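Participant: If you want the building blocks of each chain, they are given just below.
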Amino acid sequence: MRGVAGWWFVAPALVVIGVFFFLPVLAALALSFTDFDIYALADGRNLRLVGLGNYAALLVSPLFWRAFGNTLYFVVVGVPLSVAVSLATALLLHSRLLRLRGVFRTALFAPVVTTLVAVAVIWRYLFNPHHGLLNYALGLLGVPAIDWLGDPNWAMPAIILFAVWKNFGYNMVIFLAGLASIPEALYEAARVDGASAWRQFRHVTLPMLAPIVAMVNVLTIAGYFQLFAEPYVMTQGGPLQSTVSVLYFMYEEGFKWWNLGSASAVAFMLFVFIFGVTALQLRLARWQYAP
Amino acid sequence: MGREGEVVAGLLPEFERINPGIRVKVQQIPWTAAHEKLLTAFAGDATPDLCQLGNTWIPELAALDALAPLDAHVAGSSVVDASDYFAGIWDTNRVDGRLYGVPWYVDTRLLFYRRDLLRRAGFAEPPRSWDEWRRMLAAVQAQAPSDRHAILLPLNEFEPLLALMLQQDDSVLRDNGRWGNFASPGFRRALAFYLEMFQRGWAPVLVSGAVSNVWTDFARGRFVFYVSGPWNIGELRRRLPAAQQETWTTAPLPGPDGPGASIAGGSSLVMFRSSRHQAAAWRLIEFFSQPAVQRRFHAATGDLPPRRTAWADPELAADAQARAFREQLERVKPAPKVPEWERIANELRVVAEQAVRGTVPLAQAARELDARADRILEKRRWILARRAAE
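Chains as they are written, first to last, in the numbering used here: chain A, 1 to 291; chain B, 1 to 390.
It should be emphasised that the hints constitute simulated quantities derived from the structure, not laboratory data.
Here the structure is a predicted model, which is why all the values come from computation and not from measurement.
Even for Gly, the Cβ is constructed at its ideal location relative to N, Cα and C.
Be aware that a few hints might be false.
Stated by the list, open to error - Facing chain A, according to a computed beta carbon distance under 10 angstroms, are these residues of chain B, among others:
id	residue
1	Glu-60
2	Ala-66
3	Arg-94
4	Arg-98
5	Trp-382
As the list claims (entries may be wrong) - In silico lysine-lysine, PhoX-like type, Cα no more than 25 angstroms apart, as pairs:
id	chain 1	residue 1	chain 2	residue 2
6	B	Lys-379	B	Lys-37
7	B	Lys-25	B	Lys-37
8	B	Lys-37	A	Lys-256
9	A	Lys-256	B	Lys-379
To be verified - Derived, one-sided and incomplete: chain B residues facing chain A with beta-carbon distance under 7 angstroms:
id	residue
10	Ala-43
11	Asp-45
12	Leu-206
13	Val-207
Generate the whole structure from the sequences, applying the supplied hints.
Facilitator: Now the structure itself:
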């Protein structure tokens, strides 16, 4: 009887989730087996069931693989960089030598809460090959000017730089919370045993932070695979499609060309992939910390 | 849409005074959101009675069967006279033999150039043919310092290449838009000339985002020729100092042998099939089509009128920088009228950029474009075949 009452209490939330989440997801899954496009929008007879045809077409589409490769590049370089920067800044903020901690913490967290489009405009100025601050600074060091957003080899590094700057503050705050929860007694014991600062970090801080690092990794990787807004506002996928991500590809398929069937297939392929990567990570983490 | 939406609001009180009983509600939307908004309005059965439509979107909305054919309205109209409109522009509104829009303002691409710099290179007149253009580009480049170029062709714009292609005898698509026609000699000639301008160093390899300010760069002489549209007449007048206004002007696009064609662009006024106020909507289209109203519209927006009588206006006729557009408009051709065109144009831009950057040779670029266009047109072929069978 008590169980039934419980169901009644969660029913409104379940209905909302069902109608606004699971139903659209199922509809999108069904859509991914059709060639829904503007012709089908005009006349239902123009809709063809293509089975796994959209998926098969994507697997042989050079641009899809290009987008996949670009996204992988972004994840493989961006995630470690982002986690490292977050951890480093968290350690600095946690240091006892630091004054004005609140000010620094706010300043470093600020990029996370700024509007992406507004800061993207500022970063476009910074990246400008002729008048940009970045090339000016590099010029002082004797490095020749880089066409950050115009050169296919540099556009993705520029996007990574921008994304890491924009996002590291979030993980930094999580790390700060983790650092605060490490008992001071462990450090005291290590110091008594004569451990240097590096060995304290290596043998006390890192092991104690490990579960948090694992969680941050999972969240950051899943988030970075969904790269979209940065190339959308900075490069529109160019130059030479070097910054087309999987989601950007999906957006163009779906909302620029109205191939909603194909776009849905892209979404499900990305979902399956992120799901697989996350499952693998969780298994690795469990195996690593198994007693 | 855009600036036009604001100006229309100022013209409407007069229309409502002449037509008591008709009240017009204007909804302004930005260009960037317009396409998506129109398609969702169609899907949600919430289309307007009348709207402004970029003429490359007409085939798509016609394929949706969203637009009302206007042939009967035009036949019975004393205001809208088809023969007074530039033929190429009028043609963009015809899909499969039916008329779906009335041109409202026009847009095409032609040459903006620095008169003083061209004269310094030894040429008093702008080029009329590709050969003359080649000679001028080479001469200008020979005198230019290394950071300057003879012409600016941003790689993220497909329009200059499309214009060169429309100058050829071969059509862009073949067999009623069923297949790409990029392997044709015409397209290969156009692409070869386009690539030549980069390979010889006449045009810099860059996207327009890398040009921080195209108008000041033009004023500083960083490039002499620029293929662009009518909006830049206003921009250059506004942004360049008075002393420099005499240094630039416009010219029709040179063709393979003598003056060449360019793209028929612009916006039309269309009526939606589901509208319950079609008679009133047509009255409004007629109002905006009067040469006198078009002149006022031009004065407020700078948009060029689609009717020859509107161009007879003394102010417009005396405008030296607009005159080249008047001449070019007699030689404009529509882009292929298939709903898939924007997507094919996007592939054209992508493959052309690859060819310019040297990652794909010319012959392969042409084959690749055909393969991509044919894949995009697959559904169209299927639908045309089914329609033929029925």
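Participant: Given the hinted pair Lys-37 of chain B and Lys-256 of chain A, is their Cα-Cα distance within 25 angstroms?
Facilitator: Measuring from Cα to Cα gives roughly 12 angstroms; hence the hint holds.
Participant: Against chain A, with CB atoms and a cut of 7 angstroms, does the hint on Val-207 of chain B hold up?
Facilitator: With a closest approach of 6 angstroms, the Val-207 of chain B hint holds.
Participant: Do the numbers back the hint for Glu-60 of chain B, that is, is its least Cβ distance to chain A under 10 angstroms?
Facilitator: At 6 angstroms from the nearest chain A Cβ, Glu-60 of chain B passes the 10 angstroms test, so the hint holds.
Participant: Are the Cα positions of Lys-379 of chain B and Lys-37 of chain B separated by 25 angstroms at most?
Facilitator: holds (24 angstroms)
Participant: Holds or violated: is the Cβ of Ala-66 of chain B closer than 10 angstroms to a Cβ in chain A?
Facilitator: Holds, because the Cβ-Cβ distance from Ala-66 of chain B to chain A comes to roughly 8 angstroms (cut-off 10 angstroms).
Participant: Ala-43 of chain B was flagged as interface toward chain A. Is the shortest Cβ-Cβ separation under 7 angstroms?
Facilitator: OK, holds: Ala-43 of chain B within 7 angstroms of chain A, min 6 angstroms.
Participant: Hold the hint about Asp-45 of chain B up to the distance rule: shortest CB distance to chain A must be less than 7 angstroms.
Facilitator: It is violated, given that the least Cβ distance between Asp-45 of chain B and chain A is near 12 angstroms, above 7 angstroms.
Participant: Given Arg-98 of chain B as an interface hint, is the shortest Cβ-Cβ distance to chain A below 10 angstroms?
Facilitator: Violated, about 15 angstroms.
Participant: Is it true that the CA of Lys-25 of chain B sits at most 25 angstroms from the CA of Lys-37 of chain B?
Facilitator: Cα-Cα ~17 angstroms, so holds.
Participant: Quick one, is the Leu-206 of chain B hint okay against chain A at 7 angstroms, beta carbons?
Facilitator: holds (6 angstroms)
Participant: Tell me if the interface restraint on Arg-94 of chain B is satisfied: Cβ within less than 10 angstroms of some Cβ in chain A.
Facilitator: violated (19 angstroms)
Participant: Straight-line Cα separation of Lys-256 of chain A and Lys-379 of chain B no greater than 25 angstroms?
Facilitator: Given that 25 angstroms is the threshold and the Cα spacing comes to 17 angstroms, the pair holds.
In summary, the numbered hints that this structure violates are 3, 4, 11.
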